[in-house]
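Protein sequences, first through last, are from chains R and B.
Numbering (the numbering used here) for the first sequence: 817 to 1171.
Numbering (the numbering used here) for the second sequence: 817 to 1171.
It is possible that some hints are incorrect.
The list that follows gives simulated cross-link-like pairs (lysine-lysine, BS3-like), each with its CA atoms no further than 25 Å apart [said to hold, decoys possible]:
1. 1000(R) - 1066(R)
2. 1066(R) - 1066(B)
3. 978(R) - 1066(B)
Treat the hints as calculated values from the structure; they're not laboratory data.
All values derive from a computational prediction rather than experimental measurement.
2 protein chains.
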Amino acid sequence: MSELKNDTFLRALLREPVEYTPVWMMRQAGRYLPEYRATRAKAGSFMDLCRCPELACEVTIQPLDRFPLDAAILFSDILTIPDAMGLGLSFAEGEGPQFAHPVRSAADVERIGVPDPEGELRYVMDAVALIRQELGGRVPLIGFSGSPWTLATYMIEGGSAKGFTRSKAMLFDRPDLLHSLLGKLADAVIAYLNAQIARGAQAVMVFDTWGGVLAPSDFREFSLRYMERIVDGLTREAAGRRIPVILFSKGAGQWLDRMAETGCDALGVDWTLDLADARRLVQDRVALQGNLDPCALYAAPERIRREVGRVLASYGAGSGHVFNLGHGIHPDVDPEHAAAMVAAVHELSRPYHAR
Amino acid sequence: MSELKNDTFLRALLREPVEYTPVWMMRQAGRYLPEYRATRAKAGSFMDLCRCPELACEVTIQPLDRFPLDAAILFSDILTIPDAMGLGLSFAEGEGPQFAHPVRSAADVERIGVPDPEGELRYVMDAVALIRQELGGRVPLIGFSGSPWTLATYMIEGGSAKGFTRSKAMLFDRPDLLHSLLGKLADAVIAYLNAQIARGAQAVMVFDTWGGVLAPSDFREFSLRYMERIVDGLTREAAGRRIPVILFSKGAGQWLDRMAETGCDALGVDWTLDLADARRLVQDRVALQGNLDPCALYAAPERIRREVGRVLASYGAGSGHVFNLGHGIHPDVDPEHAAAMVAAVHELSRPYHAR
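With the hints as constraints, model all of the structure from the sequences given.
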């Protein structure tokens, strides 16, 4: 493996000194980039793109060729695990994901096994290895997975859902069944992320996209508990270097303190919380990643610069901040606006790290 | 006007002593009730139902005939104001609301006037008066409106929207335009709610359904500021009795303290916050209304009872709590489950008010 030339991102996650605040964007390999759309068209379906390591590698690296980002993130989808569990994933054009075989009954849960990361999910591992090789040490590679609760919602609803009524009906009416499903998912996520780390992922992130739709005690019981189990089960060192773990629950501003106790290294923060408040909540136990409103990229570049300045100021001085959007970049954003954001982060953050 | 026989709801909103915790449900007049579906079928379209005072009165009172609820809420829609502004509202079956003439440009904003509550919106006022008469003092009647920010999102998007990208694009790129629109909406809401109060509404609630999609400083600038203006502009007494004002921003758990400073009497709280934490945040400046997860009504009655007990315990002893769901009741809930909730609130809350 080539030596890492820019490890700013990894150092910031471990709250070690850095010269500037590192930056990457959720969904940085995505539809807002014309080069992504070209590769996507070549691939066929969205899942075809995920399943082809060469093309997944290509789109992973595209944003790095445009912007001086400080991290790459594996191009894939959180639903690869349920797909490998045999639920039959498809993406209808313009619709969200759909499962042919949703999980609704005790028999459905019973039937589910933990997929072999080097079996059904080998295409993901091959992509990780290929991306590491192609990156040649430019920046670290982030591996990722959905959280058990978030994956369970898709599996129970049979796709994206408004109101999460089926998942929550199971939570309130058959909590035993939901726990059994979540336990299997936690095992699957641990195996999946450890395999990504074995193949070269240098940091991992768990996306708990729908943790924020739960009441506080339900969040602790049905989402946080399983993320904690995942953090405990992960390989935390590879090639002599710590593998940082980032947890991200959207809409979980008021529970950041509890999430900081899981043993993770960093927490993703959406834009509905001031980073100053977030930092107070976690009391320097973990780094923070975020949290510009993705819609700020609709503004003119000078306004974007001002918004970047505001986010940097809200975190304040010292290491432990990775700049990011508070959610994925929108498909209709002008790539030049993303460029303005990245440049502003690098330029305006230096005073916060001066020693 | 007949004398009010049950004023528990009004007393709780003003944090005066009560014998039990009063309860009502957001969207209590709604699709989960077969009698509502029958009236709705008779009316024609959803807006036809809203526009006919007799039918609006009928569905408003239906849930009170089934459950011993402590308040009635005017049956209407938050989009009556934009409709009266000439945006051309329609509800396609199974779809959300749609506006024929969305607000996108400076000229669009310029064109908008403040509707006369006793003119284009007279059907709402007639419904309020008729409901008061038909209630005969059983319980108080709540009037309501959408918040300026929430109404603006529908007007700019042209209906319901995922991601609020157009509204936020205006916020970031043309804040001047958005402020001009929000100012007009605040004036319209004040006139609208004051007219409801003049016709008999005994409490009013402002639904800021989409306040929670904003970053904290944007929430203060584009949503909270206008709700504050509304609170200042409302008639606060009628027939010798205070008219309590309730503000409800979904997903606004971390800003409750700021909302408590607006001069309102009570805050609605969604289910993502413990009421104990909410109470600490507002420090007894206002009453709290909430906050059972609406999906808890999918559980069996004995589980519902336990969840009700948990919510009551999280608020704790003393007045200042109005029990409600954290959001509207889902259309596929069994009415018997709603009955179980109401009964549990009345029964289990008495010890918290014993003196």
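Going down the list of hints, with the structure as the test:
1. 1000(R) - 1066(R): Measuring from Cα to Cα gives roughly 23 Å; hence the hint holds.
2. 1066(R) - 1066(B): holds, 15 Å
3. 978(R) - 1066(B): holds, 15 Å
Every hint, counting from the list given before, is met by this structure.
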